[in-house]
Amino acid sequence: MTAVDEWEQLLADAGELTPAAVDRIATIHGDRGVRAIEAVDERRIKKYNDFIIVVGYEDEYIVENDGCTCKDAEYNLDADDPKQLCWHAVAVRVARAIGAVDVTRCGTP
Numbered sequence: 000m001t002a003v004d005e006w007e008q009l010l011a012d013a014g015e016l017t018p019a020a021v022d023r024i025a026t027i028h029g030d031r032g033v034r035a036i037e038a039v040d041e042r043r044i045k046k047y048n049d050f051i052i053v054v055g056y057e058d059e060y061i062v063e064n065d066g067c068t069c070k071d072a073e074y075n076l077d078a079d080d081p082k083q084l085c086w087h088a089v090a091v092r093v094a095r096a097i098g099a100v101d102v103t104r105c106g107t108p
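In numbering that gives the first Met the number 0, the protein residues as written are 0 to 108.
FYI, nobody ran anything at the bench for these hints, they're computed from the structure. The model shown is predicted, which means the values in this text are computed figures rather than measured ones. The beta-carbon is built from N, C-alpha and C at its ideal position, and this holds for glycine as well. Heads up, some of the hints might be wrong.
What follows is a set of in silico ranges between Cβ atoms, one per label pair, in the way DEER data are often shown [unchecked claim]:
id	residue 1	residue 2	range
1	102	13	15 to 23 angstroms
2	73	17	30 to 38 angstroms
3	70	12	28 to 36 angstroms
Build the full structure now, drawing on both the sequences and the hints.
Written as structure tokens, this is what we have:
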């Protein structure tokens, strides 16, 4: 089990952001973790049909399978290291674990 799996399990068990989980996320992910928690608190994780968007400070980013369309993920992170996630990907994992993804249906009814 990775460190990311551990905090995801903490969140899933609690069903909410707990101080212990927040501390763990911030310890593992640093500023990225803090930004992710802020995004979840502000309800900026949106699911449209079959993909998830994180509303960032400057743009909206698509996150799929821990991959993200942001520059941080593209240039600064090792895709093979499960702990190296951009804050958008961390936010998606947090939101999924506690049921905080806003779902929007697009297209046909």
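So, going through the hints one by one against the coordinates:
no.: 1; hint: 102 with 13: 15 to 23 angstroms; in the structure: holds (21 angstroms)
no.: 2; hint: 73 with 17: 30 to 38 angstroms; in the structure: holds (32 angstroms)
no.: 3; hint: 70 with 12: 28 to 36 angstroms; in the structure: holds (34 angstroms)
Hint check: no violations occur; every hint is consistent with the structure.
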